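*Asks:* Chains as they are written, first to last, in the working numbering: chain A, 1 to 266; chain B, 1001 to 1271.
One should not assume that every hint holds.
Unchecked claim - In the SDA-like style, the derived pairs of lysine to any residue whose C-alpha atoms are separated by at most 20 angstroms in a straight line are:
1. Lys1204(B) / Pro203(A)
2. Lys1204(B) / Cys1252(B)
3. Lys50(A) / Ser1053(B)
4. Lys50(A) / Phe1052(B)
5. Lys84(A) / Ala1243(B)
6. Lys50(A) / Thr1092(B)
7. Lys50(A) / Thr1200(B)
8. Lys84(A) / Pro1231(B)
9. Lys1204(B) / Thr33(A)
10. Lys1204(B) / Lys84(A)
11. Lys50(A) / Leu1050(B)
12. Lys50(A) / Thr1047(B)
13. Lys50(A) / Leu1123(B)
14. Lys50(A) / Asp1096(B)
No lab work stands behind these hints, which were simulated from the structure alone. Just so you know, these numbers come straight off a predicted model, no measurement behind them.
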Amino acid sequence: MGAGRLYTAVAAGGFRRYATYRAATAAGVFTNTAFGIILVYTYLALWDEKPHLGGYDQAQAVTYVWLGQCLYATLAIQGGGVEKDLMERIRTGAIAIDLYRPADLQLWWLATDLGRSLFQMLGRGVIPFLVGAVFFPMALPADAGTWAAFLVALFLAMLVSFGIRYLVALSVFWLLDGMGVNQVLMVTGIFFSGMTLPLNVFPGAFGEVVRVLPWAAQLQMPADVLMGETGVAGAFAFQAAWAVALLAAGRLLQSAATRRVVVQGG
Amino acid sequence: MGERVRDALRAYLLIAGMWIRSTMIYRTSFAVTMAGNLLVTGLDFATILLMFSRVDSLGGWSLPEVAFLYGLSATSFGVADLVLGSMDVLGTRIRDGSFDTLLVRPASVLAQIGADHFALRRLGRITQGAVVLGWALAFAGIDWTPAKVLLVPLMLAAGAAIFCALFVAGAAFQFLAQDAAEVQNAFTYGGTTLLQYPPTVFGKDFVRGVTFLLPLGFVNWVPAAYVLGRPYPLRLPVWTVWAPPLVAAVCCALAGLAWRAGLRAYRSTGS
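Hey, can you work out the whole structure from these sequences and the hints?
*Replies:* So this is what it looks like as structure tokens:
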């Protein structure tokens, strides 16, 4: 079996696994819609007080909220993607089986996560976004080119998101319990991705720093590409640079982990 | 009745104690999760601070006033979250069949499932909410009267009870749809988030919904508006300021009924 076909099959497996839980998906759609409504009201109050905050108008702020709800599960912004399974396999020792497989560990989990992301976007993300578009004024582009660029930015965001979570998961080789790092993943994910507030609203030097961290590649970049607030080439370069850096770091950590660490279990 | 409650409470404390001991096996992880919990929950307030770094008021309310709402909402939710926050594991237990084990034990099922995976790290949210509340009490410029002083602890207790009722109702719902545990997040986490912002931020129909339909407004909005001397967006009689304990009692009774109905309708997966 060719490598391409292997990883496509793995990705399809990831997609199907999440697609199995229909009630969970429906529950997620409901929750994301509820949160979207709450956030939209607070953003509208904020932008009412200060129009053009962070360079967005009200419609753009609303669009940002619903895109955030759409990408929340897609990019596993606060964790809860395949890294959870990976951590559990490292903790129990089942990872030894994965290492015996004639497949690359990182690519295997990346493929699974991409399958998961794709399902979460189609099954869980699109509906809240459409609800938002129906009931609130949004700033959406009319030309196909922008949408295509947005899809590329989204794919790059998926790579960055996986890159971050893979590093966090591998830390369990040393820590054995993933609860603590999961919390850190959650804090950093929610805050630095701009789930609570767009990063371009963050003030001063703090804002400057936050906007160049890898999390900025997750929600802020796709949002700005979609709404034409940033140059497409620059956004792609930023996202791709972080994706490469994170995936390379993942590789290094993976080889250190598999060489030095004794697998638990028995 | 009294004896049953005492037994249930005892079972709850025993199980919670067991979980605390088991958490303490991984001490570093506990320290990090506790700090993480403080941070995660603190982020909500950090967001509010960030908003106020760009504006002077939100929906007409100043920062200390919003902090007052935030402190009340976060602290009362934190208490409920500590006590019953792990109830979303019920769906998993039903799916894998381990729920049956709880049914054959000679202890209250609600106490067993409530204390399941008891997480001491959730003290983080309470600590953080209480700190913000303390700050707000000092700086919100409240014109104190004995009634207002009495109202603050009353709000916290009633608020925690209302959120507890939501957790129990959410668990009861999982008897119907095991995989849909996330629905309750919209009400619990969504609820505490929305109550951190002034009612004036939201649309009037929305405020009506969370006052009369799902009475979250009684956790803090209605009494807090009175304490701060601000008009509530809806016309409510003055006595409603003292309604939170009543609302909490009704919510808890309804949640209890829902729980019983769910438990009675339970059919084991047989696996």
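*Asks:* All the hints need checking, so say for each whether the structure fits it.
*Replies:* We went through each hint and held it up to the structure:
1. Lys1204(B) / Pro203(A): Outside the cut-off at roughly 31 angstroms; violated.
2. Lys1204(B) / Cys1252(B): With Cα atoms ~27 angstroms apart, Lys1204(B) and Cys1252(B) exceed 20 angstroms; violated.
3. Lys50(A) / Ser1053(B): holds, 11 angstroms
4. Lys50(A) / Phe1052(B): holds, 11 angstroms
5. Lys84(A) / Ala1243(B): violated, 43 angstroms
6. Lys50(A) / Thr1092(B): violated, 45 angstroms
7. Lys50(A) / Thr1200(B): Distance of about 16 angstroms is within 20 angstroms: holds.
8. Lys84(A) / Pro1231(B): Violated, because 47 angstroms separates the two Cα atoms, which is more than 20 angstroms.
9. Lys1204(B) / Thr33(A): holds, 19 angstroms
10. Lys1204(B) / Lys84(A): violated, 41 angstroms
11. Lys50(A) / Leu1050(B): holds, 13 angstroms
12. Lys50(A) / Thr1047(B): holds, 16 angstroms
13. Lys50(A) / Leu1123(B): violated, 36 angstroms
14. Lys50(A) / Asp1096(B): violated, 51 angstroms
Taken one by one, the earlier hints fail for this structure at numbers 1, 2, 5, 6, 8, 10, 13, 14, listed in ascending order.
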